[in-house]
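Each chain is listed here by its residues.
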Amino acid sequence: MKDVIIIGAGPAGMTAAVYAARKKMDCIIYTNNVGGLALWSAGIENYMGYHLISGVELMAKFEEQVKEFNIPIEYHTVEKIDKEAGIFTAHLDNGEMVQAKSVIVATGRSPRHLKIAGEKDFVGKGVTYCATCDAPLFAGLDVAVIGGGNAALSSVSQLLNIARKVYSISQYGWSADPVLQERVMHAENIEVLKGYDIIAIEGQNFVEKIRIRSKKTGEEQELAVRGVFIEIGSAPNSGFVAGLAELDEKQEINVDCSNRTNVEGLFAAGDVTNAPQKQIIVAAGEGAKAALSAYEYLIRLRD
Amino acid sequence: MPANIKVYSTPTCAYCSLLKQFLAEKNVEYEEVDLAAEPDKVNELVDISGQLGVPVTVIDGQVVVGYDRVRLESILAAT
Numbered sequence: 001m002k003d004v005i006i007i008g009a010g011p012a013g014m015t016a017a018v019y020a021a022r023k024k025m026d027c028i029i030y031t032n033n034v035g036g037l038a039l040w041s042a043g044i045e046n047y048m049g050y051h052l053i054s055g056v057e058l059m060a061k062f063e064e065q066v067k068e069f070n071i072p073i074e075y076h077t078v079e080k081i082d083k084e085a086g087i088f089t090a091h092l093d094n095g096e097m098v099q100a101k102s103v104i105v106a107t108g109r110s111p112r113h114l115k116i117a118g119e120k121d122f123v124g125k126g127v128t129y130c131a132t133c134d135a136p137l138f139a140g141l142d143v144a145v146i147g148g149g150n151a152a153l154s155s156v157s158q159l160l161n162i163a164r165k166v167y168s169i170s171q172y173g174w175s176a177d178p179v180l181q182e183r184v185m186h187a188e189n190i191e192v193l194k195g196y197d198i199i200a201i202e203g204q205n206f207v208e209k210i211r212i213r214s215k216k217t218g219e220e221q222e223l224a225v226r227g228v229f230i231e232i233g234s235a236p237n238s239g240f241v242a243g244l245a246e247l248d249e250k251q252e253i254n255v256d257c258s259n260r261t262n263v264e265g266l267f268a269a270g271d272v273t274n275a276p277q278k279q280i281i282v283a284a285g286e287g288a289k290a291a292l293s294a295y296e297y298l299i300r301l302r303d
Numbered sequence: 304m305p306a307n308i309k310v311y312s313t314p315t316c317a318y319c320s321l322l323k324q325f326l327a328e329k330n331v332e333y334e335e336v337d338l339a340a341e342p343d344k345v346n347e348l349v350d351i352s353g354q355l356g357v358p359v360t361v362i363d364g365q366v367v368v369g370y371d372r373v374r375l376e377s378i379l380a381a382t
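If you read the sequences in order, they're chains A and B. Mapping to our numbering: the first sequence position 213 is 213, numbers consecutive. To convert, count from 1 in the second sequence and add 303; that's our numbering.
Derived by calculation from the structure, the hints in this document are not laboratory data. Every value quoted in this text rests on a predicted model; they were computed, and no experiment measured them. The reader is advised that the hints may include incorrect statements.
Label pairs and their in silico Cβ distance ranges [to be verified]: (1) K309/B with T217/A: 46 to 56 angstroms; (2) Y50/A with R372/B: 20 to 30 angstroms; (3) T217/A with T382/B: 53 to 63 angstroms.
Yeah, the Cβ is synthetic: ideal placement off N, Cα and C, and Gly gets one too.
Excised from the complex, chain A in its bound form:
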């Protein structure tokens, strides 16, 4: 049996792993990717010690440090955790079950979905959640960016240089930093549509058009686009612990300042929790705290 299972390998999970290893805890990481959403940051200017580093590079450095401690990283999704007689069991996607005395959940967040007709069917066929990744594929085409926050307007800004026309569609208007708004609002190839719901994404094999509806007048219109960039924030990856740990109204795992959940021996850290400020440096610090709390818990178990 493991001392601790860490679920997730973003900034929180990898930091927790290093702290756990330094306490000589027998630990394993289960994750479906290394780096998490931190990978999507093109340039990070506020992780101390690095003036400017890309998310990919910073996460590669984290991974290197994890590997120095010989902590195994297994590429599996944990589908469920349960606790019986003080022992946790993690149910993996391959049917395997792994037991541990404690668990640290550091599964972070995923891009939020619109949950509208056609969205799922056209992922990778015009619908994308990563403008940084896929923008170059839409050179010379008409595209729509959904959302009005910082991520959305950064995508708009990037696409204005690549696409033929960019529709910026938001439900309640723009909330992005004024600097970003100014950068895009005067472009010749932008059309800004504020106060619209997007109701469907349609096409044959690939996206051909979207349907939107004005909140004010209820009037519907169709826009011919080949790309739909969905940038409406993120949601915590907490579904798999919903039956065990207490979640708040945002589906974030409730933790105290020592990263304890309502279940003894179950800890959580990083962007999946209700700890304020979703930042790489904060997540890393929270991961460290969670590992140290798990260590204290194991000592008490032994006594």
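The hints should help you fit chain B onto chain A, whose structure is shown.
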């Protein structure tokens, strides 16, 4: 015989970087198609994969969409 591997990517895509790093660690050679530099190859990507997204890896005709480590490992092990 070494597999014939082609990677469709863009320079700004994090998962493309991870994928290339993974292939380098496995010491396998591959041909890279940078779609930002060669936008006319986007149609080729679509024909091969039915996808408008990167990364896409083609290993001896088998198409892997995204950075799917588990699938890449099993295909590489079989070649």
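For each hint, the structure was consulted:
| no. | hint | verdict |
| --- | --- | --- |
| 1 | K309/B with T217/A: 46 to 56 angstroms | holds (50 angstroms) |
| 2 | Y50/A with R372/B: 20 to 30 angstroms | holds (26 angstroms) |
| 3 | T217/A with T382/B: 53 to 63 angstroms | holds (59 angstroms) |
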